[in-house]
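Asks: Chain by chain, the residues run as shown.
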Amino acid sequence: MAEPRENVLHVENVTMQFGGVVAVNNLSLDVDKGEIVALIGPNGAGKTTAFNVITGVYQPTNGRVQFQGDTIIENHPRGKMRKNYLGENAELYSNSIVRTPDRITKLGIARTFQNIRLFKAMTVFENVLIATHMRSEANVFSATFGLNRREEMANRELAMELIEMVGLKDEADVLATSLPYGKQRRLEIARALATKPSLLLLDEPAAGMNPQETDDLADFICRIKAAFHLSIFVIEHHMDLIMSISDRIYVLNFGKLIAQGTPEEIQNNQIVIDAYLGTGKTN
Amino acid sequence: MSKMKEKAVSSKMNGGYVPGSSGHVYQKRRDPHHVRSAVLTIAACILLAALMAFYQKNASDHSYAISIIERSAVYAVAAAAMNLVTGFTGLFSLGAAGFMAIGAYTTAVLTIPLSARASVYYMNGIAPWLENLQVPVLVAMILGGLISAGFAALIGIPVLRLKSDYLAIATLGFAEIIRTVLAAPMMDQITNGSYGLNNIPGFTNIFQPLILAAVCIAIMMLLLHSSYGRAFKAVRDDEVAAEAMGINLFRTKELSFVISSFFMGISGGMLALFMRSIDTKTFQITMTYNILLIVVLGGIGSITGSIIGALLINGGQEWLRFLDEPLTVGGVSIPLFRPGFRMVIYSIVLMVVVLFWRRGIMGDREFSWNHLFSVFRRKKKASQGGAQ
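Keeping their order, the protein sequence lines are chains A and B. Just so we're aligned, residue 41 is where the first sequence starts under our numbering, counting upward by one. Just so we're aligned, residue 5 is where the second sequence starts under our numbering, counting upward by one.
Simulated from the structure, these hints should not be mistaken for laboratory data. A hint or two may mislead.
Said to hold, decoys possible - Part of the chain A face toward chain B, derived, beta carbon under 8 Å:
1. THR95
2. PHE153
3. MET162
4. ILE170
5. VAL180
The beta carbon of each residue, even a glycine, is placed where N, CA and C say it ideally should be.
Assemble the whole structure, with the sequences as input and the hints as a guide.
Replies: Spelled out as structure tokens, the structure:
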């Protein structure tokens with residue numbers, strides 16, 4: 041326990057502005073090694089947008105994202121945005137570092153999607169196997185003529201292991217989209233794990249699950265965290281799940297961070313309760 | 005029929021999992037009928053080879069069938085290459101004719117016998133550097149493929165950032181530019197402008213185009229089964245998810261586009277050898293549409309479908325030829341049967357196929373004996389079930 045906390049993800053003053061709408065406003069947060077950190081907030085609070093910024097889908101309007109100590113994304117309002125910028129801290133950053141999602145994944149950040157995005161025409165097995173392609177060292181010739189058999193076999197083995205682990209062994213050869221919803225979610229996690237990440241971003245993993253499945257999911261998340269030495273950053277609406285698994289919680293409302301702390305602190309935070317239940321007055 | 009298998013679906017996830025400790029060794033799922041499939045495949049190949057040998061032996065009697073088969077082989081390669089990019093990578097490219105033209109012209113220019121060059125280029129003269137430049141046919145074809153791939157790599161950089169319809173329009177424009185450039189007066193001493201090129205050495209027997217086609221298609225199949233092929237399919241199915249899996253979208257699309265163009269160049273070279281004389285009119289938009297038709301009819305995302313489609317389209321156009329001849333029934337000459345009617349019927353058949361059989365003959369699956377048998381078995385069962 042005396043180990044110093046090692047930072048994995050450091051998000052600093054990130055603002056994401058679409059036209060005149062500020063979806064994420066000056067968000068700063070940290071995920072340390074081995075932690076499960078949750079991001080919660082009402083619908084439309086900007087949680088998924090924050091994920092999309094971290095994974096390179098969107099380039100932030102302003103701010104910086106660091107992963108394992110290296111700056112992976114940075115931007116400041118430029119061009120037209122310089123005049124129209126509605127956020128804060130515009131003067132803090134001078135670089136513009138862009139990374140496409142595939143490069144972010146290669147660095148070791150894997151994610152799942154809120155609206156499940158499996159490869160529809162592929163089997164469960166192929167869906168997981170795809171994620172091993174990015175580490176493949178074979179060029180297109182040796183891959184075509186099967187000269188990378190060893191690597192291919194190792195990848196297949198890994199994919200099968202992951203499928204077994206998420207309990208889909210019997211369904212390995214069925215089309216991914218023919219699985220029931222809960223299993224599709226687990227498959228998405230298996231696929232993300234196949235990229236061998238050190239940080240896993242889960243976007244509403246329990247959406248559409250029944251209480252029993254949600255309980256299992258909580259166990260499952262803790263287990264993969266230990267087994268793969270992961271840090272996990274999760275967006276979720278199921279409060280039971282969040283409160284039981286997370287070490288720390290960030291609360292987002294209208295793009296702004298309104299609270300952060302341990303589950304107990306958040307549960308008793310009046311601002312959070314107001315944001316979720318409404319205060320009865322309009323602001 | 006009422007036997008419903010009740011599978012207890014356990015939602016428990018393998019407890020206490022530690023990676024690498026399961027001792028699980030990946031076993032390639034063996035097809036239970038793999039021996040039967042292999043035997044049937046070999047038998048079919050032998051049968052096909054015997055038939056071709058028979059045709060070849062009596063070439064003069066069967067020149068018609070031979071030309072259909074050779075043409076189908078050429079189109080099968082082109083269709084498979086188009087399928088690679090359209091059906092498997094999800095890029096709707098209509099540049100086929102352009103890439104084929106590059107391949108065809110490269111092959112033609114480099115293989116016309118030196119002795120025949122003076123007569124081929126009698127109108128415009130021949131470029132001095134070309135006068136004594138001749139390479140073996142196979143080398144010329146591969147060169148054609150490489151040049152074609154080179155062009156694809158160049159135009160892919162701007163064009164592959166476009167999506168669906170826009171990509172189709174851009175590649176269509178590219179194909180037309182290539183055709184125009186080949187016909188331009190400045191190229192007269194190389195491409196012979198609007199006079200076209202003739203005296204191209206042809207295939208000497210039916211096995212040459214078939215083996216060439218088989219090798220090209222086999223390589224494409226192998227590619228599609230490799231991890232790169234899976235990456236293509238991932239990009240087709242969901243670009244966002246593919247990117248999140250660490251797949252570089254642009255590089256993957258470019259790779260597929262370049263490889264596809266390489267094989268289109270090869271098939272263009274094969275076409276030049278098959279036709280023995282080419283001009284730029286051969287490579288009009290119609291050619292791209294014909295290939296697209298083969299791909300759609302055979303099944304978008306099925307290489308074997310493309311082969312079947314190529315046979316059907318090329319054969320079909322010929323088999324319907326009786327419609328072009330005047331028909332007299334009971335002394336009354338039916339006015340519909342005249343030259344050109346064939347194409348009307350042909351087009352109607354295609355429209356019907358596309359309307360009612362939208363996924364083509366093979367859909368997105370490949371041909372397999374097991375599937376063929378299961379289709380028959382299902383039909384049998386259905387008829388038995390109906391009788392009881």
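Asks: Does the CB of THR95(A) sit less than 8 Å away from some CB of chain B?
Replies: holds (7 Å)
Asks: Identify whether the interface hint at ILE170(A) stands, where standing means a beta carbon of chain B within less than 8 Å of its own.
Replies: holds (5 Å)
Asks: Does VAL180(A) meet its interface restraint, that is, does its C-beta lie within less than 8 Å of any C-beta in chain B?
Replies: Since chain B brings a Cβ to about 5 Å from VAL180(A), closer than 8 Å, the hint holds.
Asks: For the hint on PHE153(A), just tell me whether its beta-carbon gets within less than 8 Å of chain B.
Replies: Check passed: Cβ of PHE153(A) comes within 7 Å of chain B, closer than 8 Å.
Asks: Is the shortest C-beta separation between MET162(A) and chain B less than 8 Å?
Replies: holds (6 Å)
The structure agrees with every numbered hint stated previously.
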